[in-house]
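Here is what each chain is made of, one letter per residue.
Protein chains: 2
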Amino acid sequence: MDTVILTTNDFRAIARHVGLNPLMDECIARLRAALQQFDANDTITPVRAGFEYTHPEVGLLEWMPIMQRGEKAVVKMVGYHPANPERRQLPTILSTVSAYDTKSGHLIGLADGTFLTALRTGAASAVASEVLAVPDAGVVGIIGCGAQGVSQLHALSRVFRLKRALIYDIDPAVSESFARRTAFLNIPVYPVPLPQLLLESDILCTATSVEVGKGPVFEDRGLPAHVHINAVGSDFPGKIEVPRSVLQRSLVCPDFPAQAVMEGECQQLSPGEIGPDLVEVVKNAAQYAPCRRQSTVFDSTGWALEDLVVLELLIDYATELGLGQRLALESISRDPHDPYQFIYEAEGLPPLEFTTAAPYKIRREL
Amino acid sequence: MDTVILTTNDFRAIARHVGLNPLMDECIARLRAALQQFDANDTITPVRAGFEYTHPEVGLLEWMPIMQRGEKAVVKMVGYHPANPERRQLPTILSTVSAYDTKSGHLIGLADGTFLTALRTGAASAVASEVLAVPDAGVVGIIGCGAQGVSQLHALSRVFRLKRALIYDIDPAVSESFARRTAFLNIPVYPVPLPQLLLESDILCTATSVEVGKGPVFEDRGLPAHVHINAVGSDFPGKIEVPRSVLQRSLVCPDFPAQAVMEGECQQLSPGEIGPDLVEVVKNAAQYAPCRRQSTVFDSTGWALEDLVVLELLIDYATELGLGQRLALESISRDPHDPYQFIYEAEGLPPLEFTTAAPYKIRREL
Numbered sequence: 000m001d002t003v004i005l006t007t008n009d010f011r012a013i014a015r016h017v018g019l020n021p022l023m024d025e026c027i028a029r030l031r032a033a034l035q036q037f038d039a040n041d042t043i044t045p046v047r048a049g050f051e052y053t054h055p056e057v058g059l060l061e062w063m064p065i066m067q068r069g070e071k072a073v074v075k076m077v078g079y080h081p082a083n084p085e086r087r088q089l090p091t092i093l094s095t096v097s098a099y100d101t102k103s104g105h106l107i108g109l110a111d112g113t114f115l116t117a118l119r120t121g122a123a124s125a126v127a128s129e130v131l132a133v134p135d136a137g138v139v140g141i142i143g144c145g146a147q148g149v150s151q152l153h154a155l156s157r158v159f160r161l162k163r164a165l166i167y168d169i170d171p172a173v174s175e176s177f178a179r180r181t182a183f184l185n186i187p188v189y190p191v192p193l194p195q196l197l198l199e200s201d202i203l204c205t206a207t208s209v210e211v212g213k214g215p216v217f218e219d220r221g222l223p224a225h226v227h228i229n230a231v232g233s234d235f236p237g238k239i240e241v242p243r244s245v246l247q248r249s250l251v252c253p254d255f256p257a258q259a260v261m262e263g264e265c266q267q268l269s270p271g272e273i274g275p276d277l278v279e280v281v282k283n284a285a286q287y288a289p290c291r292r293q294s295t296v297f298d299s300t301g302w303a304l305e306d307l308v309v310l311e312l313l314i315d316y317a318t319e320l321g322l323g324q325r326l327a328l329e330s331i332s333r334d335p336h337d338p339y340q341f342i343y344e345a346e347g348l349p350p351l352e353f354t355t356a357a358p359y360k361i362r363r364e365l
Numbered sequence: 000m001d002t003v004i005l006t007t008n009d010f011r012a013i014a015r016h017v018g019l020n021p022l023m024d025e026c027i028a029r030l031r032a033a034l035q036q037f038d039a040n041d042t043i044t045p046v047r048a049g050f051e052y053t054h055p056e057v058g059l060l061e062w063m064p065i066m067q068r069g070e071k072a073v074v075k076m077v078g079y080h081p082a083n084p085e086r087r088q089l090p091t092i093l094s095t096v097s098a099y100d101t102k103s104g105h106l107i108g109l110a111d112g113t114f115l116t117a118l119r120t121g122a123a124s125a126v127a128s129e130v131l132a133v134p135d136a137g138v139v140g141i142i143g144c145g146a147q148g149v150s151q152l153h154a155l156s157r158v159f160r161l162k163r164a165l166i167y168d169i170d171p172a173v174s175e176s177f178a179r180r181t182a183f184l185n186i187p188v189y190p191v192p193l194p195q196l197l198l199e200s201d202i203l204c205t206a207t208s209v210e211v212g213k214g215p216v217f218e219d220r221g222l223p224a225h226v227h228i229n230a231v232g233s234d235f236p237g238k239i240e241v242p243r244s245v246l247q248r249s250l251v252c253p254d255f256p257a258q259a260v261m262e263g264e265c266q267q268l269s270p271g272e273i274g275p276d277l278v279e280v281v282k283n284a285a286q287y288a289p290c291r292r293q294s295t296v297f298d299s300t301g302w303a304l305e306d307l308v309v310l311e312l313l314i315d316y317a318t319e320l321g322l323g324q325r326l327a328l329e330s331i332s333r334d335p336h337d338p339y340q341f342i343y344e345a346e347g348l349p350p351l352e353f354t355t356a357a358p359y360k361i362r363r364e365l
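Sequences listed follow chains Z and F, in order.
At position 142 of the first sequence the residue is numbered 141 (numbering that gives the first Met the number 0), and the sequence of numbers has no breaks.
At position 68 of the second sequence the residue is numbered 67 (numbering that gives the first Met the number 0), and the sequence of numbers has no breaks.
Rather than coming from a laboratory, the hints here were simulated on the basis of the structure.
You may find that some hints are simply not true.
[What the hints assert, rightly or not] Below, simulated DSS-like cross-link-like pairs (lysine-lysine); rule was C-alpha separation at most 30 Å, straight line: (1) F/Lys102 to F/Lys71; (2) F/Lys162 to F/Lys71; (3) Z/Lys213 to F/Lys71; (4) Z/Lys71 to Z/Lys282; (5) Z/Lys71 to F/Lys162; (6) F/Lys213 to Z/Lys102; (7) F/Lys71 to F/Lys282; (8) Z/Lys102 to Z/Lys71; (9) Z/Lys213 to F/Lys213; (10) Z/Lys162 to Z/Lys282; (11) F/Lys71 to Z/Lys71.
[Stated by the list, open to error] Quick partial rundown of chain Z residues pointing at chain F, CB under 7 Å, derived from the structure: (12) Asp1; (13) Val3; (14) Thr6; (15) Phe50; (16) Gln67; (17) Lys71; (18) Gln88; (19) Ala117; (20) Leu326; (21) Ala327; (22) Pro335.
Please read these numbers as outputs of a predicted model, since none were measured by experiment.
A virtual CB, placed ideally from N, CA and C, is assigned to each residue, including glycine.
Produce the entire structure from the sequences given, and follow the hints as far as they go.
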């Protein structure tokens, strides 16, 4: 019984074959459809949990599970380590994602979750902005120009006719390289002072690694009355990006309310101040259309449904293109009641001789 | 940055090279040492959580995390599906285990957890029985003769001079095949009626898939005053194997108290009736030696520390023997701020041409 493994090579092949823009288009289309059809009775998404630590460095390792009843469960493991880029030349977010058969418990597949996280976080903002931002939004402001900032602009460019992107990062080197990293979008990118960015953005994306207690990442000054904000940096209790006063005058739409009140911008709000969730606004887009002319915030903490949808898309492409490796991972004996039979009986191997010799010497320092 | 994958082939090679008995000896020795040296400040083990379901079949898919501060985290995923042997020719427990670097979030390795679970569950009972059972225990009773029953007898045979095993299973075919499955131990195995098993066993192991609400799996009749019970079937809220009256007159030692009160035999007890945990009795074996002459119960719900210890042992052997496959799983760009660079720039590939063509047609039914 095999486990299919999709590595970075497979995802590279998919992206090169399909094209990054059509791939993002499909992510957005599938996520939109999944939200429109979402039924909470069929799908269980517990709030994610994990290990948080501040020593020796700030970090987080968490699991995001989702189960489709009677079908499969998907668990994304996400590492959030803001010192990664500078200290290790690694992305802040590293991730893998696994799918299990809920009938047998078998691990169906394992895939990279790092590329997937960038795609789905972008796609989620695109779907939310489609229903909550002004339809003619032409200027996107990006605060926090790392990896997630790139896929935010990418995804938004697929659903709006963007004239330009205004960008800001506390690290000048990161904001300087953003234009090169998004050159494939053919959208003019301008590093600007933060006040100008706030004044001119129809859609604002915050994708920062601001420390707990150090937020918000901008002041409530000069924002257009119709601004839509995608706050995607939320992933840690106490971490916030958006000023409370902005949230209070906006329609705040969390992706996953139970999680948003623990880790998202909704931490700053009382229950009555929190608006409808993403499923609700996507299912009833016409009803919420008037909100597009007012201030809105998508509180994007990251929802396992987004991971599931994009994983399924990538698996579809991999299947179509004959990608992926198959490994017999789990030790399964022919007799399910014998945990050791797989050892004695294997094709082409001689029968096992039992030994009662002294323990094999191993290196204990490992 | 590679991820090492250890499959069933690797574990077969390890077991054949080392020998099953020396391998179990090492599991027991390492677990004993880990418990003796355990410091709750260095190691965090949250209570496991997961998806439980009763439709279409009873099942459970859960995650068991453990973190060594500043070092690594290990998450075992365990599926418990009692219909597996009969309906799918698969073991009840299927499992995989992953190790993460808590500095970067990188997935260091992935391994089969099915063989590992059998080894570590056996080893845990051996370590507990060493300190809680009579030193001259010669008769082991096994109630529930599936895969875990095999490794229970195996592990106990490494720390006691066993004269015979008395066995019982509600499925006669399963109890009949037990002698064949444990032939490598050279211990006489007798299927006996349950009352005889209870009367004659110095050590009793319950390793059943009894349904919630259908336990206990034996009556409180005829047990020797000095009996030690390893109750290893506990893995589901409401599932119990041991009569409450037996627990109440015994020293009940849970592996992991916070979990045992939710899923173990300790569900049946008030806090004052629960004894010292496994760490406590192993660290203070001399102090608890008098208890060996009285009734004792090891409430083995399964603790992630056991998984960590046995995973490290198997990794040591794999390293020594040059086993395992290395895959670049996570999509990591040379520029950590660019989630897509790994797509454009890869050795031996032409530069990527961006496309704005219509979305690639994919099969949506998948």
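Hint check results:
1. F/Lys102 to F/Lys71: Holds, because 8 Å separates the two Cα atoms, which is no more than 30 Å.
2. F/Lys162 to F/Lys71: violated, 42 Å
3. Z/Lys213 to F/Lys71: holds, 28 Å
4. Z/Lys71 to Z/Lys282: holds, 24 Å
5. Z/Lys71 to F/Lys162: violated, 46 Å
6. F/Lys213 to Z/Lys102: Distance ~22 Å between lysine 213 of chain F and lysine 102 of chain Z Cα, so the pair holds.
7. F/Lys71 to F/Lys282: Judged against 30 Å, a Cα distance of about 24 Å means the pair holds.
8. Z/Lys102 to Z/Lys71: holds, 8 Å
9. Z/Lys213 to F/Lys213: violated, 54 Å
10. Z/Lys162 to Z/Lys282: holds, 29 Å
11. F/Lys71 to Z/Lys71: holds, 28 Å
12. Asp1: Result: violated, 10 Å to nearest chain F Cβ.
13. Val3: Status violated, d = 12 Å.
14. Thr6: holds, 5 Å
15. Phe50: holds, 5 Å
16. Gln67: Because about 10 Å separates glutamine 67 of chain Z from the closest Cβ in chain F, which is outside the 7 Å limit, the hint is violated.
17. Lys71: violated, 10 Å
18. Gln88: holds, 6 Å
19. Ala117: holds, 4 Å
20. Leu326: Nearest chain F Cβ about 5 Å off; hint holds.
21. Ala327: holds, 5 Å
22. Pro335: At 4 Å from the nearest chain F Cβ, proline 335 of chain Z passes the 7 Å test, so the hint holds.
When each numbered hint is compared with the structure, violations occur for hints 2, 5, 9, 12, 13, 16, 17.
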